[in-house]
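J.: Listed below, chain by chain, are the residues.
There are 4 protein chains.
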Amino acid sequence: MTESGEKNPGIEAQRAKMSFLFREDVAPGLRLEMDLNKILFTSESEFQQIDVVETFFGKTLVTDGKTQSSQMDEFAYHESLVHPSMLRSALSGTPPKTVFIGGGGELATAREVLRHKSIERCVMVDIDGKVIEVCKKFLAEWGGETVTSDKRFELVVGDAHKWMMETQETFDVIIMDISDPIEAGPGIMLYTKEFYEHALTRLNPNGVFVTQSGTADAVPAKHQGAGETDTSCYGPINNTLRTVFDCVVPYSTNIPSFGGDWGFIMAFQAPAGCEDKALVEKEWKFPASTDVIDNLVEQQIEGGADKLGLYDGVSHMSMFALTKALRNLLKNDTRVMTRDNPVFMY
Amino acid sequence: MTESGEKNPGIEAQRAKMSFLFREDVAPGLRLEMDLNKILFTSESEFQQIDVVETFFGKTLVTDGKTQSSQMDEFAYHESLVHPSMLRSALSGTPPKTVFIGGGGELATAREVLRHKSIERCVMVDIDGKVIEVCKKFLAEWGGETVTSDKRFELVVGDAHKWMMETQETFDVIIMDISDPIEAGPGIMLYTKEFYEHALTRLNPNGVFVTQSGTADAVPAKHQGAGETDTSCYGPINNTLRTVFDCVVPYSTNIPSFGGDWGFIMAFQAPAGCEDKALVEKEWKFPASTDVIDNLVEQQIEGGADKLGLYDGVSHMSMFALTKALRNLLKNDTRVMTRDNPVFMY
Amino acid sequence: MTESGEKNPGIEAQRAKMSFLFREDVAPGLRLEMDLNKILFTSESEFQQIDVVETFFGKTLVTDGKTQSSQMDEFAYHESLVHPSMLRSALSGTPPKTVFIGGGGELATAREVLRHKSIERCVMVDIDGKVIEVCKKFLAEWGGETVTSDKRFELVVGDAHKWMMETQETFDVIIMDISDPIEAGPGIMLYTKEFYEHALTRLNPNGVFVTQSGTADAVPAKHQGAGETDTSCYGPINNTLRTVFDCVVPYSTNIPSFGGDWGFIMAFQAPAGCEDKALVEKEWKFPASTDVIDNLVEQQIEGGADKLGLYDGVSHMSMFALTKALRNLLKNDTRVMTRDNPVFMY
Amino acid sequence: MTESGEKNPGIEAQRAKMSFLFREDVAPGLRLEMDLNKILFTSESEFQQIDVVETFFGKTLVTDGKTQSSQMDEFAYHESLVHPSMLRSALSGTPPKTVFIGGGGELATAREVLRHKSIERCVMVDIDGKVIEVCKKFLAEWGGETVTSDKRFELVVGDAHKWMMETQETFDVIIMDISDPIEAGPGIMLYTKEFYEHALTRLNPNGVFVTQSGTADAVPAKHQGAGETDTSCYGPINNTLRTVFDCVVPYSTNIPSFGGDWGFIMAFQAPAGCEDKALVEKEWKFPASTDVIDNLVEQQIEGGADKLGLYDGVSHMSMFALTKALRNLLKNDTRVMTRDNPVFMY
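Protein chains in written order, with UniProt numbering: chain X, 1 to 346; chain A, 1 to 346; chain H, 1 to 346; chain B, 1 to 346.
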């Protein structure tokens, strides 16, 4: 049967009653559900289910049912992942020339890296060539051809872990833009103490390592009682990096399409002879003035502050000043991730 | 961020955690929610929102958020709507030659009509030309080109109510394949006593009128207390037809993609001089043998019983034998639909 | 924060935006979602999660997340399960005196059995004493104290399979009111050829066996290609009973709170010397007149037809006349359930 | 039917398939859905629907379908609302003695106020006495009897707007803990320029006004094009306060049970003769050292820092340093709320 008549005045009320929806678990027992306007692409690669959809948050890449990044706030995720480490490196007196990206198939991480005037080489290793193709085609705003045709950029379709174990190259900044360590997932090795130890050997002096670190929502009750049932990996990654690096600085940014605050952790070595590593961390987190960061942005970024939507001196403080609730949550977490004792996120 | 690693062994578990979904209200407080694989088409016509999707039930036409018919069981809906009335007409001694279809944009109602060897003319009036185009393109199995290129078939894109009021033509069978009478909807006039009175004048002797009639789930508690809160239109259509026709026979078929049992009502005049109209109804509902129907199918349908997926002699009994619960529900409903006192379905 | 002000005129619109919900899978990829008004009871027994809730369908017993029966249509389920077999037994010349119920914890199956004037003994074996207590307390309308205090009724809290294997007793009617055979479930043995063979030895001459049989929605596409992926158990139970009994008669009833049509199958031996078992089945399914059933109801049921909400002569035809689509589905299913080769429902 | 057998080993898988759920709109087209364990209380007051449930976030008060506060993070909401203003007042040289709370029915806002050693009087005006009773009974941890029996606390059940218009009293801090300005809601007057002008007259010298301000998720695309379609009220409240107060300072905190970052805005007058109001704001937002705040906490709060779960010097920076994305969003919003031109939130 079909409708027969004039334009339905109650069409919006009707639309409200139905829905095409995208629903995603953000924690066991908590889901984000949003209107789904279009399914632009759906297929399986050798490695995962790949969907490109248009939702409440605009165009969105979804792999294996997890939002990877969305049009409305991908800038916030990718700027948060890239710029603090790049500028930290610059602040150390070494404007970064070489960057390794593990994962990063959307190309937006590379896009942000390539904004830095000092960059000479950016190599990205992602195992799923199909994701890259799909992003170039459907999510060109994320970087696309502009990134892949940049002469400073080298794309390797392959296993990031294997590539890192085999390379002799070293980098100023290493950026891990990979999926969370889930039980079923293959990326688990890239979150272990063993990998971080190796990554440190692939960093130049004054080099900086950074990884996305899953949800940073301060939900303390989830942590009461049992690490087993804790489903975030923010604490474990923080602890594991601390077994390897002198300075480890967790930070976070609100990414609405991820369902709340998202965690990142950067790690680097203290200057030779430094005795107060905590002070080094603190001076980075809370510089004497927000101008320190604003000036670095102006120096390093092609086009200056106008090119960035999220990051500047004040945002830096917002990102690095974790709330007491989140700090307590990290403090109370003692889990360390090793090859033999991985910690799985939900 | 994107996945980096080997084929995810837990991909199905992950898929289970997420979902692209289609959710539809079937009653106030009751919804059907199903996996949504693809959105094949989405647009608005002059009259309504039109979506073609692929769900649990296969390809599905959705207008203004309501499932119109789906690949898995459209045959059940369209055979139920068409064949009983056509065969009733044949049984009366007049194998039907002319049929009017109000609505029917998917073309599947016409497809079933055209299976009848006796058909010489089938005119279909649907207001939304875009629905027809979309169905021809995306739902060719419903009928498509095969129907529209049939010389016996005439398509009128226009207002079915207006067309019927203006035509001088009369028909052996009139089939109303239109949306439920919802408050916002324009089809409300096609469910009134006034329209039925006029339709009777457009029927040939021995002619049969049939209309889809909304949900026929026997949910008696919804009916306790107040007609106001009753959201089905099965009872009101039944009552309204009874104010006009001698014989009114409600029947139902299970249509899973509609969320349960679906109602249809056929109506016709008793033979001249007939004094026991209830007996006429009963003899039609429960023929002496299922062979009566099976033989009619064999005579009337090009290709015979093999061409039908739902309807035969035994199915006829299943359809016309309403449960006591449903009969009670109809019996207790006293609402009649007139131009001035329409009854709105949910 | 809390509201501060006058009665909110848009409260219903607001309510519509939120929801307490009960969502249940009815098939892989299809869910029923309904408003949840109250959670009356929630706990775990030794065997399963037990919830009593109030939803769109009224008060409802839910075990392990599956609706067992609901206030609005439990009468339809329990009358369908009980009366056809009881009356078949009566029609054979033996008004049933003794009945065994496997499962049946809600007590409503026993309630329907005890309506039959001829009943002298009804023994019910359900493993979960807590379900029975909960039903007595929260679902008294289902039977409750009235059933358990009836002198003809004996309650055994124990394993129905074990009890049947050990008893020397025989019965006029055996009614299996147990959960569907799901992979995780323990009831699987009660759906095997081996159990049916034993059950036959526990039936008196002219005895009738009946079991609930899961969904009977005619969804043929689910069956295309692979029995493996078929998630209904209606066909397998039908086939399995046919390896044991002379006459096997599947029937179905629309149970909205179960999400559509529900299957039942009754089985019995043909009269000694009978050569046309199909005819015996047919004569039962489609009696010469609906009066046959109506008269049996009047004779057998204390209080007569007024006491029943679903079952009578016309409903009998509705239930036993399966649509062609459903008959084809059963015909194409060849699976048989044995101890070594069980078939799991979703 | 009921289960019959041994403890179901797949019970958790089964539980995963079903769900009791609480679903709440957080924006038009975006919903938070969470497991619902219990409905502890459900009723309607004279003013609104009141539910107390137990969800993923623990015990939660829900009114008219909107989460008011939940066990897991109510401390973050109430500390954010109360302490910055109280300490600002103390920093101005006037440890606050008198506080007015508009709304606040959960009593947790008063709980935080009463932690301040300098408090002599806290008057709270909430229109819905039933909410207060329900919170005392079911959410005693929020404050309950401890608050209502505190001699410094006065409870007025009545209209906060009316009370403020009629009182002659003035306060050191005015805290507005009321629902968002939704179209249907009565609290709309409490968000207008006219109310803020009056509130300023009810503040003592050095007094501070603060109001919760709805979602502070930086979702810029919602703001592209049209203020009309913008559904947040953070910008409008900010703009409106600026038409009245010298200094207006928006801040935000991550409140997972509200679905992301939540906005608050405090407002106060600059010191007499001050020419650079922006500098006054900046010095408050980013004090020379986090010790400034930590010392104030230690001085003012009974029991010191140990009593607070969220607020301290570093959290202060996290809260007052808004990201560039959120600052841009506020900057681009020009809406002002007046009695004649209110702005409605979703």
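Among the hints, erroneous ones may be present.
If several chains are the same, the list does not tell them apart, and a pair holds so long as it fits within one copy or across any two.
[Said to hold, decoys possible] Heads up, simulated EDC-like pairs for lysine to aspartate or glutamate below, C-alpha to C-alpha not over 20 Å straight-line:
#1 Lys-331 - Asp-294
#2 Lys-136 - Asp-333
#3 Lys-331 - Asp-306
#4 Lys-162 - Glu-141
#5 Lys-38 - Glu-54
#6 Lys-282 - Asp-294
#7 Lys-151 - Glu-54
By construction, these hints were calculated from the structure, which means they are not laboratory data.
J.: So, for every hint listed, does it hold in this structure?
T.: Consistency of the hints with the structure:
no.	hint	result
1	Lys-331 - Asp-294	between (31 Å within a copy, 19 Å between copies)
2	Lys-136 - Asp-333	neither (39 Å within a copy, 34 Å between copies)
3	Lys-331 - Asp-306	between (37 Å within a copy, 15 Å between copies)
4	Lys-162 - Glu-141	neither (30 Å within a copy, 50 Å between copies)
5	Lys-38 - Glu-54	both (5 Å within a copy, 13 Å between copies)
6	Lys-282 - Asp-294	both (18 Å within a copy, 16 Å between copies)
7	Lys-151 - Glu-54	neither (32 Å within a copy, 43 Å between copies)
The structure shown violates the earlier hints numbered 2, 4 and 7.
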